[in-house]
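Each chain is listed here by its residues.
There are 2 protein chains.
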Amino acid sequence: MPQFLNTNDADFDRRFAALLEMKREDAPDVDTVVAEIIADVRKRGDAAVLELTEKFDRLTLTPETMAFSVEETDAEIAKVPAAERAALELAADRIRAYHVRQRPEDARWTDPDGAVLGWRWGPVSAAGLYVPGGLASYPSSVLMNAIPAAVAGVERLVICAPTPDGVVNPLVLLAARLSGVDTVYRIGGAQAIAAMAYGTDTIAPVDKITGPGNAFVAAAKRRVFGKVGIDMIAGPSEILVIADADNDPEWIATDLLSQAEHDESAQSILITTDAAFGQAVAEAVERQLQTLPRAEIAGPSWRDFGAIIICDDLSRAAALSDRIAPEHLELCVSDPEALFAQITHAGAVFLGQWTPEAIGDYIGGPNHVLPTARSARFSSGLNVLDFMKRTTLARMTPDALKAIGPAAEVLAASEGLGAHGASVAARLARLNSDEG
Amino acid sequence: MPQFLNTNDADFDRRFAALLEMKREDAPDVDTVVAEIIADVRKRGDAAVLELTEKFDRLTLTPETMAFSVEETDAEIAKVPAAERAALELAADRIRAYHVRQRPEDARWTDPDGAVLGWRWGPVSAAGLYVPGGLASYPSSVLMNAIPAAVAGVERLVICAPTPDGVVNPLVLLAARLSGVDTVYRIGGAQAIAAMAYGTDTIAPVDKITGPGNAFVAAAKRRVFGKVGIDMIAGPSEILVIADADNDPEWIATDLLSQAEHDESAQSILITTDAAFGQAVAEAVERQLQTLPRAEIAGPSWRDFGAIIICDDLSRAAALSDRIAPEHLELCVSDPEALFAQITHAGAVFLGQWTPEAIGDYIGGPNHVLPTARSARFSSGLNVLDFMKRTTLARMTPDALKAIGPAAEVLAASEGLGAHGASVAARLARLNSDEG
Numbered sequence: 485m486p487q488f489l490n491t492n493d494a495d496f497d498r499r500f501a502a503l504l505e506m507k508r509e510d511a512p513d514v515d516t517v518v519a520e521i522i523a524d525v526r527k528r529g530d531a532a533v534l535e536l537t538e539k540f541d542r543l544t545l546t547p548e549t550m551a552f553s554v555e556e557t558d559a560e561i562a563k564v565p566a567a568e569r570a571a572l573e574l575a576a577d578r579i580r581a582y583h584v585r586q587r588p589e590d591a592r593w594t595d596p597d598g599a600v601l602g603w604r605w606g607p608v609s610a611a612g613l614y615v616p617g618g619l620a621s622y623p624s625s626v627l628m629n630a631i632p633a634a635v636a637g638v639e640r641l642v643i644c645a646p647t648p649d650g651v652v653n654p655l656v657l658l659a660a661r662l663s664g665v666d667t668v669y670r671i672g673g674a675q676a677i678a679a680m681a682y683g684t685d686t687i688a689p690v691d692k693i694t695g696p697g698n699a700f701v702a703a704a705k706r707r708v709f710g711k712v713g714i715d716m717i718a719g720p721s722e723i724l725v726i727a728d729a730d731n732d733p734e735w736i737a738t739d740l741l742s743q744a745e746h747d748e749s750a751q752s753i754l755i756t757t758d759a760a761f762g763q764a765v766a767e768a769v770e771r772q773l774q775t776l777p778r779a780e781i782a783g784p785s786w787r788d789f790g791a792i793i794i795c796d797d798l799s800r801a802a803a804l805s806d807r808i809a810p811e812h813l814e815l816c817v818s819d820p821e822a823l824f825a826q827i828t829h830a831g832a833v834f835l836g837q838w839t840p841e842a843i844g845d846y847i848g849g850p851n852h853v854l855p856t857a858r859s860a861r862f863s864s865g866l867n868v869l870d871f872m873k874r875t876t877l878a879r880m881t882p883d884a885l886k887a888i889g890p891a892a893e894v895l896a897a898s899e900g901l902g903a904h905g906a907s908v909a910a911r912l913a914r915l916n917s918d919e920g
Numbered sequence: 485m486p487q488f489l490n491t492n493d494a495d496f497d498r499r500f501a502a503l504l505e506m507k508r509e510d511a512p513d514v515d516t517v518v519a520e521i522i523a524d525v526r527k528r529g530d531a532a533v534l535e536l537t538e539k540f541d542r543l544t545l546t547p548e549t550m551a552f553s554v555e556e557t558d559a560e561i562a563k564v565p566a567a568e569r570a571a572l573e574l575a576a577d578r579i580r581a582y583h584v585r586q587r588p589e590d591a592r593w594t595d596p597d598g599a600v601l602g603w604r605w606g607p608v609s610a611a612g613l614y615v616p617g618g619l620a621s622y623p624s625s626v627l628m629n630a631i632p633a634a635v636a637g638v639e640r641l642v643i644c645a646p647t648p649d650g651v652v653n654p655l656v657l658l659a660a661r662l663s664g665v666d667t668v669y670r671i672g673g674a675q676a677i678a679a680m681a682y683g684t685d686t687i688a689p690v691d692k693i694t695g696p697g698n699a700f701v702a703a704a705k706r707r708v709f710g711k712v713g714i715d716m717i718a719g720p721s722e723i724l725v726i727a728d729a730d731n732d733p734e735w736i737a738t739d740l741l742s743q744a745e746h747d748e749s750a751q752s753i754l755i756t757t758d759a760a761f762g763q764a765v766a767e768a769v770e771r772q773l774q775t776l777p778r779a780e781i782a783g784p785s786w787r788d789f790g791a792i793i794i795c796d797d798l799s800r801a802a803a804l805s806d807r808i809a810p811e812h813l814e815l816c817v818s819d820p821e822a823l824f825a826q827i828t829h830a831g832a833v834f835l836g837q838w839t840p841e842a843i844g845d846y847i848g849g850p851n852h853v854l855p856t857a858r859s860a861r862f863s864s865g866l867n868v869l870d871f872m873k874r875t876t877l878a879r880m881t882p883d884a885l886k887a888i889g890p891a892a893e894v895l896a897a898s899e900g901l902g903a904h905g906a907s908v909a910a911r912l913a914r915l916n917s918d919e920g
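Top line first, the protein sequences correspond to chains F and V. Heads up: the first sequence begins at 485 in our numbering, then just goes up one per residue. Heads up: the second sequence begins at 485 in our numbering, then just goes up one per residue.
Warning: the hint list may mix true and false statements.
[Said to hold, decoys possible] Pulled from the structure, derived: some chain V residues nowhere near chain F, Cβ distances all over 10 Å: (1) R498; (2) A531; (3) R580; (4) T667; (5) P720; (6) D728; (7) T757; (8) P784; (9) A822; (10) T839; (11) R879.
[Claimed, not checked] Taking CB as the label site, the calculated pair distances span: (12) V:S917 <-> F:T516: 51 to 59 Å; (13) F:T546 <-> V:G900: 26 to 34 Å; (14) V:R787 <-> F:L915: 30 to 38 Å.
[To be verified] Cβ-to-Cβ under 10 Å is the rule here; a few derived chain V residues that face chain F: (15) W603; (16) L619; (17) S624; (18) T686; (19) A688; (20) R861.
Just so you know, these hints were derived from the structure itself, not from any lab. C-beta atoms are modelled at their ideal positions from N, C-alpha and C, and glycine is treated no differently.
The shape of chain F in the complex, shown without the other chains:
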């Protein structure tokens, strides 16, 4: 059974703080190995990538076979059953329709002094998406990473997706094609991240790398950050459900298990205003764990990190939720909009009992790459802006420079930066002499 907490218990504050501080991840320290792999790929390029692929994935490639050819891709995609293809197409369409609305607008205006100011957005030129191999090779994640990049207008979009022992997931290749990905390389690990960041003879370097991965991939992303942009380093998944008594405990139990089944380190929390309902959900979870296919993952997650919190009213629930800053937040209450208005920190919110979190994982439209480990306090889910950057612009006229230049001179002098001041002064001197 998971932890039960009640806001009226004397030790609630201590136990809630302990829940927040719980260390769920025990990532192995692979930084030294990763540093060596990156150095090797920088030095030897393709040769290093091919050797490491042979070593880690037991797969012999050549520079020519590093990427899937169009023919191979066609053949793999042809294996996808019609129902799965249709589902993936619907998901791609809906994710695209949502993200298209995130395209930012340029701005340009003339201020009262006559200065033209503004900014212009543009896409990064090339993005590389990492897709894990094996069990965690999720086609939905391909859509969630690649479609925002494509919508941003990224010109060159590549994927690195290892195929250990040569085992290919046709759905990954279909998702890549539906998303507008140009090339899929069957390489993985830190060597793939290094190849995308620094380039090899075969793989042109990219400007931004996103996508989930194991400890090696995460360490490599941290190391290449600065050389290229990266997305957040994601931690184990989390869900918080706030539910009143007017819900089916079986549904809520399933929703909690839908995060728990991701990872033994995942965390599922229920906050409810009704203790009896909380008990009923706990019992439903135990029942469902008897038959859930991934019970051997969901069970430990729920026992070790799950919690049911009883509190007196929904305002308190909102305050507790903000301290958790959950990745996923389900509001299964009679007036979810009113409760949403009280929430400040959450990655993605699912309003009302007809919106299970799994809808958001696949097909709702919003992104499923979301901030974990309380980082929703300061960061957002993956979105179109992650693949764009903003260039600011300013254009002075002589009059504008006369109006604001002297203040710049004063500030430059106060900071002891002579050339800064002189660059303004020289132009003002010309203007004054032209008038004199």
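Could you slot chain V onto chain F? The hints should help.
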């Protein structure tokens, strides 16, 4: 003299590539020391911060005197001469007016299936700004960091600004007040970053830390990233000027020196279509270095990292500029707008000969915290969105769930995630039985 390159030279490509790859920074490896400082602050809180401040800043504080009091601040601000106060106020007003336009909009719509989708932006709750002490204690940087945070709606805004030997910069305190900063702590280094990230009895933890600093501060920011959000780790400053022959070589020389005077590692590059003009600028730089107050910094920067590149036409200049992806880009040409349209990667662009880069450092309105070291390929200058995060929202109706739920079930099955599919299936079963 700096390097001269000509695109028509046989070895141009090699030399230009070498210019791009030039390692300008030789940051000392302080990571071990910084890790110890952070651990110490996490363990001993205020006591550690006070001891380290005594050690590094030769300043004895108590928890009560860690922050400037209102009275002290008033007294310091009273020392600021009227001209400097007026200049700082004008700068603050103009920076605020620019950044207010960056406030993002929420969105909410109903899709054809009846699903409500959207997102909501919100500010981070608390931000901490680092302001270096001593020579690099720039009031303009206080405005550039604090005003976007205030415009974003950040509730609690604090500054850590060390005062080695107790020397205070009154302009920093005035800039803080003009920007809406709540509290200024006179602490610095890795200990200040640790205190803001993890909190002490006196300093409440923040959610986002921005601002420049030395190698210790940069290493500490890297280490607390994830616990809190951080801005980019800035490298040495850079300027690229693209100029045709119709410019005063003295002005362009001053503009190049206005970056060179920041730091011996700064880089100033001129691209021009006129070799004689390039030569004239080089001579003007040498002349100005005779009298420039910070010549001992600007001189080495210009000699070691400066360059003058001659190329045949402005389209080529734009292409070279994109490979440099400069932090600051001045377009001193007859039609700067046409050239701007050809530029893809740059932090901030200054159009026309009346817009010296120094205007952007102080008073133009756009931010002066900008991506360095070619990171304008994938990142933007500091802006209001850096202090905000976006929560996505989705609300299904029974009809919407019936329309898109089955596809989610198919995808969940294809990824082997049973509870994901079951959370949709249970709700669809209810809807079907209600209808039956």
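Going through the hints against the structure:
1. Even its closest Cβ contact with chain F, about 17 Å, leaves R498 of chain V beyond 10 Å, as expected for a residue assigned away from the interface.
2. A cut-off of 10 Å between C-beta atoms confirms that A531 of chain V is not in contact with chain F; the least separation is 21 Å.
3. Every CB of chain F lies more than 10 Å from the CB of R580 of chain V, the least distance being 12 Å, so the non-interface label holds.
4. Taking the minimum C-beta to C-beta distance to chain F, about 19 Å, the non-interface status of T667 of chain V holds against the 10 Å cut.
5. Interface exclusion of P720 of chain V from chain F stands, the closest Cβ pair being 13 Å apart, more than 10 Å.
6. Every C-beta of chain F lies more than 10 Å from that of D728 of chain V, the closest at about 16 Å, which supports listing it as non-interface.
7. Taking the minimum C-beta to C-beta distance to chain F, about 21 Å, the non-interface status of T757 of chain V holds against the 10 Å cut.
8. Every beta carbon of chain F lies more than 10 Å from that of P784 of chain V, the smallest distance being close to 14 Å; the non-interface claim holds.
9. Non-interface call for A822 of chain V relative to chain F: holds, since the shortest CB-CB distance, roughly 13 Å, exceeds 10 Å.
10. Listed as a non-interface residue, T839 of chain V fails to keep its Cβ farther than 10 Å from every Cβ of chain F; the least gap is roughly 4 Å.
11. Remark: the non-interface label on R879 of chain V conflicts with the geometry, its nearest Cβ contact in chain F lying 4 Å away (cut-off 10 Å).
12. A C-beta distance of roughly 58 Å is found between S917 of chain V and T516 of chain F, which places it inside the suggested range of 51 to 59 Å.
13. Checked against the given bound of 26 to 34 Å, the beta carbons of T546 of chain F and G900 of chain V, roughly 32 Å apart, stay inside it.
14. Distance hint check: the CB atoms of R787 of chain V and L915 of chain F are about 32 Å apart, consistent with the given range 30 to 38 Å.
15. Against a cut-off of 10 Å between C-beta atoms, the interface hint on W603 of chain V holds, since the closest Cβ of chain F lies about 7 Å away.
16. A hinted interface residue such as L619 of chain V counts as satisfied when its beta carbon comes closer than 10 Å to some beta carbon of chain F; here the least separation is about 7 Å, so the hint holds.
17. With 10 Å as the threshold, the beta carbon of S624 of chain V comes within range of chain F, its nearest partner Cβ sitting at about 6 Å, so the hint holds.
18. A distance limit of 10 Å between C-beta atoms decides the matter here; for T686 of chain V the minimum to chain F is near 19 Å, and the interface restraint is violated.
19. For A688 of chain V, the interface hint is violated, the least distance from its beta-carbon to any beta-carbon of chain F being 13 Å, above 10 Å.
20. Given the 10 Å rule on beta carbons, the hint for R861 of chain V holds: about 4 Å separates it from the nearest Cβ of chain F.
Comparing the model with each earlier hint shows violations of hints 10, 11, 18 and 19; every other hint is respected.
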